[in-house]
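Undergrad: Chain by chain, the residues run as shown.
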Amino acid sequence: MTENRIPIFDPTVEMNTEEGKLAKRVSDLNQKKCGLLWNSKIGGEKLMHFILQELQKKGITPHETIELKKEYDTRPAEEEMYEEMAKKCDFVITAVGD
Amino acid sequence: MIEPIEYKESFFETVDFYHKKGWTDGLPIIPPTKEMIRTFLDSGGIREGQIIFEVPERKRSVEAEKIAINAILAGCLPVYMPVLISALEAMADPDYNVHASASSTGGAAPLMVVNGPVRPEISLNSGTNFYGPGSRANASIGRAIRLVLINCLGAKPGLMDRSTQGNPGKYSLTFGENEELSPWESLSVELGFEKEESTVTLLATEGPHNIQNHYGLAKGILDTSCNTMSSLGSMSEGQSFFVFSPEHAKIISKEYKTKQEIKEYIYKHATIPEKKLRETGKIDSAGWADQDGNVRHALSPNDIFIVVAGGEAGGHSSWVPSWSRRRNGVTVTKKIFSPEIRFSQTS
Chain A
1 MTENRIPIFD PTVEMNTEEG KLAKRVSDLN QKKCGLLWNS KIGGEKLMHF ILQELQKKGI
61 TPHETIELKK EYDTRPAEEE MYEEMAKKCD FVITAVGD
Chain B
99 MIEPIEYKES FFETVDFYHK KGWTDGLPII PPTKEMIRTF LDSGGIREGQ IIFEVPERKR
159 SVEAEKIAIN AILAGCLPVY MPVLISALEA MADPDYNVHA SASSTGGAAP LMVVNGPVRP
219 EISLNSGTNF YGPGSRANAS IGRAIRLVLI NCLGAKPGLM DRSTQGNPGK YSLTFGENEE
279 LSPWESLSVE LGFEKEESTV TLLATEGPHN IQNHYGLAKG ILDTSCNTMS SLGSMSEGQS
339 FFVFSPEHAK IISKEYKTKQ EIKEYIYKHA TIPEKKLRET GKIDSAGWAD QDGNVRHALS
399 PNDIFIVVAG GEAGGHSSWV PSWSRRRNGV TVTKKIFSPE IRFSQTS
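Listed in order, the protein sequences are those of chains A and B. Sequential numbering from 1 applies to the first sequence in my numbering. Sequential numbering from 99 applies to the second sequence in my numbering.
The hints are simulated quantities; they were obtained by calculation from the structure and are not laboratory data. Some hints could be false.
Calculated pairs, DSS-like style, for lysine-lysine (alpha carbon to alpha carbon, straight line, at most 27 Å) [what the hints assert, rightly or not]:
1. K380/B - K293/B
2. K41/A - K380/B
3. K46/A - K374/B
4. K157/B - K41/A
5. K46/A - K433/B
6. K21/A - K157/B
7. K41/A - K254/B
8. K32/A - K88/A
9. K361/B - K41/A
10. K433/B - K157/B
11. K380/B - K46/A
12. K361/B - K380/B
13. K348/B - K374/B
14. K374/B - K41/A
15. K69/A - K157/B
16. K157/B - K70/A
17. K70/A - K293/B
18. K24/A - K157/B
19. K293/B - K157/B
20. K46/A - K58/A
21. K380/B - K69/A
22. K69/A - K373/B
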């Protein structure tokens with residue numbers, strides 16, 4: 001009997017968890033071309049360079065670093081920026097900081 | 099048709115269940131029924147299973163029935179659905195940037211300005227106390243937006259909503275322009291819509307900043323407006339709304355016949371020295387100033403939007419700035435459609 005009872009309806013929406021296709025992983029980061037994608041906020045730059053320093057402490061020294069800055073911190077990077085990174089970099093470090 | 103996930107014995111048990119699940123904004127809800135969901139879908143001109151709101155950054159697609167459920171929970175009437183659907187369309191526009199504005203420490207609220215004949219049809223307040231309590235449409239349409247953000251986009255406070263302080267407009271910041279008492283063309287007409295068309299305009303914003311001036315003439319009120327706009331606290335370039343009270347609008351319009359003249363006056367005079375911004379740590383580098391060393395909130399006069407709202411008496415207007423810097427979030431306007439037109443668009 002449900003006549004006199006109050007129904008509950010789920011108002012939520014689940015995230016689509018279908019996995020995207022990952023790029024091929026680089027087995028060894030040492031002496032590779034490293035991209036640094038900055039979200040354009042001061043905390044982001046600090047975090048990004050901190051991660052690079054931590055890698056260097058572990059003996060991972062990039063052959064070259066290429067720094068790119070997003071035009072807007074809260075929006076995705078421009079398509080051309082992704083293409084440039086894909087063309088020039090073996091791996092990319094990005095950081096979201098306020 | 100969507101089915102209930104379970105049943106409860108009493109009204110209070112039901113309301114408590116929604117609270118405990120984190121499905122509310124803290125206020126009690128109206129429990130939906132299957133019949134109500136059907137009515138709300140019909141009133142919006144939308145069909146079960148139809149995707150209404152899609153945000154790729156959040157990997158979420160929101161179907162019509164979820165919009166209806168959240169609208170009912172928020173206390174909406176079925177007749178509000180066309181406004182709500184168009185507001186969500188505006189929010190889904192990449193220009194609005196819902197992903198960032200709903201999660202940013204800045205604590206943005208969706209400012210929603212409604213124009214056109216739909217305002218009296220749904221008794222949307224554009225007069226006395228329009229920001230405050232007293233109108234079901236103003237309170238519940240904005241609340242429905244908030245519940246959709248919480249429940250369908252995962253914008254739960256402390257999780258994907260990281261507002262440092264938030265702002266009270268996050269409960270609802272919805273009103274109609276008081277077109278009847280405006281001496282200028284309405285926002286929607288200014289944006290190219292017909293007077294007979296209804297629209298909703300959204301911008302992710304801070305809360306309203308008071309512009310109080312009881313004795314000034316046009317220049318005095320505009321200078322007070324400029325001073326409000328160029329305060330240090332909110333100085334962060336981008337779009338913003340001036341919401342002039344009918345009294346202020348009447349006085350200003352004696353000397354400024356068009357909105358464009360006002361925008362240009364404000365753009366010229368609402369400035370702050372770049373030096374001041376650097377001294378106070380608001381910016382950490384030079385290069386923002388004009389040739390006179392000044393910085394402006396607006397990037398151009400067209401970054402300034404002007405609407406009229408409020409009761410007939412009182413020297414109180416307000417300035418509502420964008421939550422974001424520059425173009426991280428911009429104003430989006432969408433037309434509001436009747437259910438019949440909505441249905442015909444998907445048949």
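Undergrad: Could you run down the list of hints and mark each one as holding or not?
TA: Cross-check of the supplied hints:
no., hint, verdict
1, K380/B - K293/B, "42 Å, violated"
2, K41/A - K380/B, "13 Å, holds"
3, K46/A - K374/B, "25 Å, holds"
4, K157/B - K41/A, "25 Å, holds"
5, K46/A - K433/B, "44 Å, violated"
6, K21/A - K157/B, "15 Å, holds"
7, K41/A - K254/B, "24 Å, holds"
8, K32/A - K88/A, "11 Å, holds"
9, K361/B - K41/A, "30 Å, violated"
10, K433/B - K157/B, "26 Å, holds"
11, K380/B - K46/A, "18 Å, holds"
12, K361/B - K380/B, "25 Å, holds"
13, K348/B - K374/B, "35 Å, violated"
14, K374/B - K41/A, "21 Å, holds"
15, K69/A - K157/B, "25 Å, holds"
16, K157/B - K70/A, "22 Å, holds"
17, K70/A - K293/B, "40 Å, violated"
18, K24/A - K157/B, "23 Å, holds"
19, K293/B - K157/B, "37 Å, violated"
20, K46/A - K58/A, "19 Å, holds"
21, K380/B - K69/A, "21 Å, holds"
22, K69/A - K373/B, "25 Å, holds"
The structure fails hints 1, 5, 9, 13, 17 and 19 (numbered hints given earlier, in ascending order).
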